[in-house]
Amino acid sequence: MTPRIYLLLTSLGTIFAYDSADVFAFVKKNCVACHNASVSSGDINLAGFETAQSFDDNREIWERAVSKIKTGEMPPPSMKKPPAQESAALTHFLEAEFARQDRTAKPDPGRITARRLNRTEYNNTIRDLLAVDIRPADEFPNDEAAFGFDNIGDALTLSPVLLEKYLYAAERAVRTAIFGPEKRKPAAVHYSAPVRINDTVDRPALPKDLFHYDESGLSTRHAFHVLHRFPVDGEYSFRVVLNGHRPNQSEPATPSFWIDGKMIREWSVDATDLEGQIVEVRVPVTAGEHLLSASYLKNYHGLPPKYNGPQPSARPPEPMISVRGKLTEKDIEVLRKYGTKIKTDRIETRVDNRFESIDVGGPFTQPQGPSPASTRQIFICPQQTPACAQTIITTFARRAFRRPVRPAEAAPFVQLYSLARQQGDGFQEGIATALQGVLVSPNFLFRIERDPVAAGKAFYAPVSQYELASRLSYFLWSSMPDDGLVNAAAQGRLRQPAVLRAQVQRMLRDAKSRALIENFAGQWLQFRNIDVMKPDPGKFPDFDESLRFAMRRETELFFEEMVRKDGSVLNVLDANYTYLNERLARFYGVAGVTGPAFQRVDMSQSPRGGGVLAQGSILTISSYSTRTSPVLRGKWILENLLNAPPPPPPPAVPSLDESKTGESASLRQQMEEHRKNPACASCHSRMDPLGFGLENFDAVGGWRTMDGKFPVDATGTLPGGKTFRGPVELKASLLDGKEAFVKGMTDKLLTYALGRGLERPDRRVVAAVAAQLAERNYRFSALVQSIVESLPFQQRRLSAGPLSGAKSE
Amino acid sequence: MNFLTGKHIDRRMLLRGAGAVLGLPLLDSMRPALAAKAPQSPGRVGVVYVPNGIVMKDWLPEKTGADFTFTRILKPLERFRDDIVVVSGLSNHAAVKAKGGGHAKASGSFLSCSQPKYTAGADVRAGITFDQIAAQKFAADTRVASLQIGCEDARMIGNCDTGSSCAYTNSLSWKNPETPMAVEVNPRSLFERLFGTVDPSLDAATRARRALYKKSILDMTRESTQSLVSTLGAQDKRKMDEYLTSIREVETRIAKAEKDPEIPLGEKPSGIPFDYTEYVKLMFDLQVIAFQADISRVSTMMLGREGSVRTYPEIGVPDPHHPLTHHRGHPDFIEKVTKINCFHVELFSYFLDRLQATKDGDGTLLDHSTILYGGALSDGNQHSSHNLPLLAAGHAGGQKGGRHVAAKPMTPAANLFVDMLNRAGVPVERFGDSTGRLDLNG
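Protein chains in written order, with this note's numbering: chain A, 7 to 815; chain B, 9 to 450.
Just so you know, the hints here were simulated from the structure itself, not pulled from any lab data. Please read all numbers here as calculations on a predicted model, not as lab measurements. Don't be surprised by glycine CBs; every beta carbon is placed ideally from N, CA and C.
If you want the footprint, here are the derived chain B segments under chain A, 3+ residues with CB under 8 Å: (1) 228-239; (2) 280-286.
What follows is a set of in silico ranges between Cβ atoms, one per label pair, in the way DEER data are often shown: (3) B:T285 with A:E324: 34 to 42 Å; (4) A:I386 with B:S235: 25 to 33 Å; (5) A:G294 with B:E437: 55 to 63 Å; (6) B:R89 with A:N535: 52 to 60 Å; (7) B:K223 with A:E150: 23 to 31 Å.
Put together the whole structure using the sequences plus the hints.
So, in structure tokens, the structure goes:
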């Protein structure tokens with residue numbers, strides 16, 4: 007390879023030549039002292055990099071060098087800095103070299119390994135195929151993830167245990183569709199309230215101003231929330247057990263029960279000691295997940311006058327019994343008169359009424375028989391004849407395989423039908439048997455793409471119309487293609503630019519695109535993890551299930567607006583809006599949001615600012631259970647927003663002594679100590695400042711100005727020397743690096759869309775898509791459209807073609 | 009037959025084979041190790057635990073030795089006079105010495121006789137429980153080393169009793185000092201753990217047909233996958249080979265399972281029964297089947313969690329259990345607690361019925377079991393762990409019955425556990441804070 011010479015225009019306006027020999031001289035002078043065969047800091051040895059061939063052979067290492075030199079991380083502060091002009095010339099040269107490599111490389115769409123449906127895709131596909139929403143895959147083992155996503159063909163394995171589950175799931179799903187929901191006998195599920203609020207410490211017993219509080223009670227710590235999955239439609243009973251106390255002389259407590267934020271019923275319970283009191287209600291509920299809540303309505307109304315609460319009680323004080331020793335005759339008389347609940351003077355001042363548990367029982371009455379929708383989808387031929395059986399089975403197989411089915415392919419399923427009939431089973435039983443066979447076929451369980459018959463010697467070829475329809479539907483809906491897509495494919499029109507664009511727009515607007523938010527955004531930004539976070543209940547007593555649900559919902563709604571209303575992807579970094587309900591708004595300290603429903607809220611005046619870095623979900627998943635971690639948050643930003651994941655820490659690095667945090671030294675002081683170790687500094691100088699910018703958020707995203715005994719210091723200095731204070735300024739500086747963000751997001755979305763790890767030829771695609779996005783106002787649909795139109799999404803490398811040309815990353 | 013709403017007689021028919029007989033399901037893990045068992049029946053160890061203490065004046069027989077009389081609470085066990093030993097005078101010193109909530113430290117130390125660490129965090133620590141010593145011994149011979157069963161939900165997290173971790177009240181068995189063993193509260197899950205996902209309510213002919221279809225489906229899937237493989241590229245071929253391997257493995261398992269002996273099962277439970285009596289009896293039934301089929305030889309069962317606020321309207325006690333036990337001498341409350349105590353013992357008598365009615369080797373299951381019944385508190389009002397309410401049932405290792413053994417006051421309860429382990433065929437000399445072996449026949 008001949009050395010190429012680039013003429014560079016420097017900031018001083020001078021033009022000078024820079025060639026590969028200059029690169030090697032630069033490396034020798036500035037890098038090799040630490041990165042050689044014997045020292046090899048960071049496992050990098052640059053000593054042998056002396057030919058232009060190394061730009062191609064060791065591209066990844068060169069790229070890392072460029073990025074570190076550009077951020078100012080390398081050479082490290084302890085070493086002599088080369089003149090800025092030289093560094094700039096070097097990085098320009100190398101970037102131009104990389105671009106040239108990419109430009110001249112042979113285009114390669116790559117090859118996607120047959121993808122097994124993952125759990126989400128299986129549930130959604132069964133839902134759309136049979137019109138039954140029983141989520142059988144919830145019982146399957148977890149899917150293996152790779153490159154950050156659980157839809158990667160190479161990673162998704164299939165074990166005998168999973169096959170067992172497939173057989174069982176096929177039986178359940180098909181029988182539900184043909185014969186109606188499984189008959190369930192009433193069963194009970196018990197949910198205990200996890201933390202007893204009378205045991206929490208450092209909490210004022212009562213809100214300071216009793217005239218202003220959440221009268222629905224849903225956002226108070228007296229409430230109890232639980233997410234329950236109802237197996238089938240039916241009538242269910244809810245038994246709510248109370249606990250705790252209200253002061254003697256209070257008006258009755260008013261427990262209430264809610265489903266999905268709608269009040270079902272309220273009661274009045276006249277007792278001081280509420281432990282074990284029970285209220286019950288029975289209502290019809292649809293199958294699926296619902297949020298159950300128990301709260302006390304107007305909890306601080308009707309307290310004794312000395313509490314200065316609203317509508318104070320007018321009742322005379324009730325007699326009380328002494329708290330210690332044997333009961334006196336008088337005590338027993340009081341007890342006989344007022345029932346067996348003990349009223350003692352010791353509990354008089356507590357307003358710690360709460361809930362002990364919620365029991366869900368049912369179903370008591372269950373709708374019977376198959377749903378009309380299921381019957382319509384399966385029994386498309388009205389007679390119970392062999393001919394109709396053949397039609398029914400073949401049509402079902404075509405839908406399940408997401409492509410036309412040859413008669414020979416359908417024949418074995420028809421044989422299953424015949425077998426059942428020979429055994430004396432009826433028509434429906436025969437169809438059920440055949441359909442179960444379809445649902446364990448590899449053509450259903452896997453999305454297998456085939457080389458076109460007439461591909462000849464081509465290196466790659468377009469995927470078929472039907473394969474393209476499946477690529478689209480599993481990308482945007484995590485489910486099978488609907489009639490609209492299949493019809494366009496059948497007519498051979500799906501690849502027409504106008505048709506394709508209209509289909510994508512239609513799919514994004516469809517409610518099913520929620521899958522893209524849950525599965526793509528939820529995994530990319532990891533906010534799915536909010537479901538399993540366990541913040542320390544002693545340190546964060548406010549964090550309960552309702553807050554957890556609200557946090558997840560906020561982030562989902564935030565993305566939903568971006569997807570449905572085609573917002574700018576830069577909103578992820580910083581936005582002036584979010585979605586809050588009263589619970590979350592109170593937690594964030596945002597005024598003016600009432601009730602359990604979410605509403606769009608302007609955040610431009612809030613010190614929290616907008617974007618995902620102001621959202622409780624993200625701030626919680628990037629913290630430890632007991633405290634914040636600027637390192638984790640910094641790492642999260644680098645990985646997910648700036649597409650620059652730091653390498654893993656070197657072995658044998660002591661971790662922070664958490665017990666001292668906030669007491670003997672602030673977290674920041676401790677971390678600065680940590681960073682004095684040069685082995686740590688190179689990465690931590692990038693991670694930590696980003697995390698410090700978020701220190702005003704505690705480990706569950708609450709706003710704070712003190713950390714333990716120390717005031718929060720939310721200033722940071724990025725390796726380039728840029729400084730900021732607080733989350734709003736941090737986000738402004740992140741926006742300066744929006745190219746990196748857009749590339750990172752494109753990279754992740756393309757990975758998710760293709761279901762494979764990206765390879766070098768895909769980089770050009772990522773760069774092109776990201777560049778187009780900048781021209782199209784960063785609109786989300788533009789990103790999706792560009793990906794859908796891209797070479798790797800539209801085409802497929804043929805197996806006959808050479809396997810080279812694609813160096814794996 | 010109906011596990012949930014069926015009458016008594018139906019449940020009894022369960023183990024006599026009147027219920028559906030089905031080929032055991034597919035997975036190895038579902039196949040009870042019935043074949044090739046030693047001719048001599050192994051010992052079984054069981055614990056049935058009641059929360060919140062027992063009213064001692066209505067529990068403890070006055071006389072000791074063979075001519076004791078059955079007290080009000082023990083009355084339902086009178087027909088098992090020759091099968092039980094009432095034991096008094098035992099203390100759990102670990103519970104007395106430990107720091108923490110009265111309920112937490114009692115149940116957290118009950119079967120280990122080791123002090124639970126006072127913490128509400130993840131650093132819970134107690135001791136290995138005696139049932140787990142037996143489970144270790146039998147692990148090689150059985151498919152499920154031990155069962156932990158609860159009749160009250162135990163998914164509490166955090167702090168359950170004045171600063172003590174919920175782990176101490178959620179679980180009774182500890183695999184080792186750091187690992188409490190979660191209880192199974194859902195009979196459906198317990199059933200599936202023992203027997204797999206088959207539906208035993210179908211008649212034999214239907215089940216046979218469905219089994220045939222399943223085999224045909226697998227057969228057909230294997231063939232079509234094989235023909236698919238030849239048309240694919242290398243990576244896709246690898247995925248299909250993986251699928252083929254799974255199909256063949258499942259086919260092999262089915263073939264093996266078909267050779268298994270058949271045992272009768274009732275209908276698969278649909279979930280937690282609404283009625284507490286049905287619930288507890290169902291859980292007893294499943295333990296009996298597990299013992300009978302030698303799927304497991306060790307089980308511990310909690311009729312409730314310490315601090316339980318279950319109400320018992322079915323026996324005229326609509327008040328929650330725990331506050332009642334803090335009766336402070338009030339006779340109305342004490343009466344209600346006694347009623348609950350009687351009710352639990354009556355439920356326990358059903359378990360002994362089932363064990364006695366089930367043939368096992370040269371005798372019955374009861375002949376080869378040693379079952380502890382009782383609580384970790386005597387007086388729930390005072391949270392006392394002295395003079396614990398305990399009795400041992402069964403005849404494992406020659407255990408006799410028909411006696412009230414009064415140990416010297418303050419004898420460690422661990423001494424009793426040493427005896428029970430030895431009778432079950434687990435030779436140990438010491439356990440927990442034991443000072444020797446309390447011979448139940450002595």
